[in-house]
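Order-wise, the sequence lines are chains P and H. Note that this note's numbering gives residue 208 to position 208 of the first sequence, counting from 1, and the numbers run on in steps of one. Note that this note's numbering gives residue 45 to position 45 of the second sequence, counting from 1, and the numbers run on in steps of one.
No lab work stands behind these hints: they were computed from the structure. Everything numeric in this text was worked out from a predicted model, so none of it was measured. Every residue gets a Cβ at the ideal spot worked out from N, C-alpha and C, and that includes glycine. One should not assume that every hint holds.
Partial list, computed: chain H residues near chain P (C-beta under 7 Å) [to be verified]:
(1) 69
(2) 173
(3) 177
(4) 183
(5) 184
(6) 213
Restricting the straight-line Cα-Cα distance to at most 25 Å, the calculated cross-link-like pairs of lysine to any residue (SDA-like) are [said to hold, decoys possible]:
(7) H:83 / P:104
(8) H:2 / H:198
(9) H:53 / H:171
(10) P:72 / H:48
(11) H:133 / H:216
(12) P:218 / P:8
(13) H:92 / H:16
(14) H:83 / P:136
(15) P:71 / H:16
(16) P:42 / P:104
(17) H:83 / P:8
(18) P:142 / H:46
(19) H:2 / H:200
(20) P:142 / P:213
(21) P:142 / H:53
(22) H:53 / H:198
(23) P:142 / H:216
(24) P:71 / H:229
(25) P:75 / P:190
(26) P:72 / H:16
(27) P:142 / H:51
(28) P:72 / H:92
(29) P:75 / H:16
(30) H:83 / P:141
(31) H:51 / P:209
What follows is each chain in one-letter form.
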Amino acid sequence: MIKKIVYAMTAALILISVYIDFFIAPVPINPGQAAGDPNNFKIFYFHLPIAISAYLSFFIVFISSILYLRKKEQKWDIVSLAAAEVGVVFALLTLISGSIWGRSAWNAYWVSWDVRLNTSLILFLIYISYLMIRQAVEEPEKRARLSAVFGIIGFISVPISFLSVRFYSRMHPCVVGPCPGGGGGGIGGEVLYYLLLNFAAYFLLAATLIMLKIDNEKLKEKVNDIKRNNNL
Amino acid sequence: MKFLEIAKKDLLAEFRTKQMLNSMVIFALLVIVIFSFAFGNEATIYIPNLKKKIIDILAPGMLWIAFTFAGMLGLSRSFAGEKEEGCLDGLKLCPVDRSDIYNGKVLSNAVLMFLMEIATLPIFIVLFSYEIKNLPGLIVVIILGTFGFIFVGTLLSALTVNTRTREILLPVILFPVLIPVILSAVTATATMLANGDIADISGELQILAVYDIIFFVVAQMVFEYTIED
Numbered sequence: 001m002i003k004k005i006v007y008a009m010t011a012a013l014i015l016i017s018v019y020i021d022f023f024i025a026p027v028p029i030n031p032g033q034a035a036g037d038p039n040n041f042k043i044f045y046f047h048l049p050i051a052i053s054a055y056l057s058f059f060i061v062f063i064s065s066i067l068y069l070r071k072k073e074q075k076w077d078i079v080s081l082a083a084a085e086v087g088v089v090f091a092l093l094t095l096i097s098g099s100i101w102g103r104s105a106w107n108a109y110w111v112s113w114d115v116r117l118n119t120s121l122i123l124f125l126i127y128i129s130y131l132m133i134r135q136a137v138e139e140p141e142k143r144a145r146l147s148a149v150f151g152i153i154g155f156i157s158v159p160i161s162f163l164s165v166r167f168y169s170r171m172h173p174c175v176v177g178p179c180p181g182g183g184g185g186g187i188g189g190e191v192l193y194y195l196l197l198n199f200a201a202y203f204l205l206a207a208t209l210i211m212l213k214i215d216n217e218k219l220k221e222k223v224n225d226i227k228r229n230n231n232l
Numbered sequence: 001m002k003f004l005e006i007a008k009k010d011l012l013a014e015f016r017t018k019q020m021l022n023s024m025v026i027f028a029l030l031v032i033v034i035f036s037f038a039f040g041n042e043a044t045i046y047i048p049n050l051k052k053k054i055i056d057i058l059a060p061g062m063l064w065i066a067f068t069f070a071g072m073l074g075l076s077r078s079f080a081g082e083k084e085e086g087c088l089d090g091l092k093l094c095p096v097d098r099s100d101i102y103n104g105k106v107l108s109n110a111v112l113m114f115l116m117e118i119a120t121l122p123i124f125i126v127l128f129s130y131e132i133k134n135l136p137g138l139i140v141v142i143i144l145g146t147f148g149f150i151f152v153g154t155l156l157s158a159l160t161v162n163t164r165t166r167e168i169l170l171p172v173i174l175f176p177v178l179i180p181v182i183l184s185a186v187t188a189t190a191t192m193l194a195n196g197d198i199a200d201i202s203g204e205l206q207i208l209a210v211y212d213i214i215f216f217v218v219a220q221m222v223f224e225y226t227i228e229d
């Protein structure tokens, strides 16, 4: 029952927020000298919440990997898998929406030595390899154990990657808090409310997808059990 | 100190045949030679705007590509060799802590890596008639970078040895995690090659040191899960 309420809320919030982003919300950041149409900057309403949802999903992978190694309960493995898959999709969407925005704001899809662009790309690559490890091991117990080890290592390397890419020049705007390169900042008023609405919508979307994936995996287990018991 | 025994066993086995070391050195040499052919004489062209030759810009990346690719050969065999004759089970039966196995493997891999690097660096200098300006600084960077590479590489080598596609999977999962090491090592090497002072690369050195320490500690904690069965 609670699940159904969450699913319904997700659907409603996503619809509302998409409508608001396109028809009601103002351009969120001062476009300045941007190359393209300033309205393109509205992609920010998707871009930031999707990126943060990806980070959160990867954090879930990290936590559930630790819990798996400590408790050896299969449910934590399923949670890691579900969160990693959803996180990879969201990370990819972050890269795509960022590139589209970059084309408009910087006149380039990709700026190769920017901190956040590269950190997002590294994050995406790390969790692609996480899924590859899962694919390469047959036995469920071993797969869970090995991927949990990588889930921990991969997540720890992310902040260090962020620090190491920091040596290069910055182009991506800082939205919250002070920015060393200047620029960015200044989100407030109605933009903030619309942004928070989008955050709620995309967090719920990520949570819903993870929950669906977990149910899916549990069903798969059940089917496998039935097959095994009936020698199919 | 039991990990010294394990490292000694590995190195003894290695130096009887020198199979791994030879392939690593020759592979690193080949990478450098191929770069030298690919860039040809253009590498020595001087760019007035940057006050640098093209080779100055390419050298650090080239060196680290040679080091990491050749090191990958050693890493992928490090546990695969143990697996083949059932030696890994023997190792696990040893009355030592699981992390001693890891430390021993780290030590033997690091020795092989350093020997390969010592052999590669002069060849690089000769082929590109290159002059290294700050050798002590470069050595510090190479030591820190190599340890970062080995700490994570040994752990992931133990992880991939249990998978179906071990030799293919290791580079694919290792490089994304290694990005901080490679980035910091390459920028630090660039400064060291161009007559930089060691104070100029304190940021990079800090990141390398932090990376080394964090992954060394984490590996001690999670290594036992990679070889458990």
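Each hint tested on the structure:
1. 69: violated (18 Å)
2. 173: holds (4 Å)
3. 177: Given a least distance of 5 Å, the restraint on residue 177 of chain H holds.
4. 183: Residue 183 of chain H check passes; min Cβ-Cβ to chain P is 5 Å, inside 7 Å.
5. 184: With a minimum Cβ separation of about 5 Å from chain P (threshold 7 Å), the hint on residue 184 of chain H holds.
6. 213: Nearest chain P Cβ about 11 Å off; hint violated.
7. H:83 / P:104: Violated, because 53 Å separates the two Cα atoms, which is more than 25 Å.
8. H:2 / H:198: violated (36 Å)
9. H:53 / H:171: Given that 25 Å is the threshold and the Cα spacing comes to 32 Å, the pair is violated.
10. P:72 / H:48: violated (62 Å)
11. H:133 / H:216: The given pair, whose Cα atoms are some 31 Å apart, is violated under the 25 Å limit.
12. P:218 / P:8: Holds. Residue 218 of chain P to residue 8 of chain P sits at ~22 Å (cutoff 25 Å).
13. H:92 / H:16: Holds, at roughly 24 Å.
14. H:83 / P:136: holds (17 Å)
15. P:71 / H:16: violated (44 Å)
16. P:42 / P:104: Given that 25 Å is the threshold and the Cα spacing comes to 11 Å, the pair holds.
17. H:83 / P:8: violated (52 Å)
18. P:142 / H:46: Not satisfied, since the Cα-Cα distance of roughly 55 Å exceeds 25 Å.
19. H:2 / H:200: It is violated: about 39 Å lies between the C-alpha atoms, which goes past 25 Å.
20. P:142 / P:213: holds (21 Å)
21. P:142 / H:53: violated (51 Å)
22. H:53 / H:198: Answer holds: residue 53 of chain H to residue 198 of chain H is near 22 Å, not above 25 Å.
23. P:142 / H:216: holds (23 Å)
24. P:71 / H:229: Answer holds: residue 71 of chain P to residue 229 of chain H is near 16 Å, not above 25 Å.
25. P:75 / P:190: violated (41 Å)
26. P:72 / H:16: violated (42 Å)
27. P:142 / H:51: Violated, at roughly 55 Å.
28. P:72 / H:92: Within the cut-off at roughly 21 Å; holds.
29. P:75 / H:16: Violated. Residue 75 of chain P to residue 16 of chain H sits at ~48 Å, over the 25 Å cutoff.
30. H:83 / P:141: Distance ~19 Å between residue 83 of chain H and residue 141 of chain P Cα, so the pair holds.
31. H:51 / P:209: Distance of about 54 Å is beyond 25 Å: violated.
Checked against the numbered hints listed earlier, the structure breaks hints 1, 6, 7, 8, 9, 10, 11, 15, 17, 18, 19, 21, 25, 26, 27, 29, 31; every other hint is satisfied.
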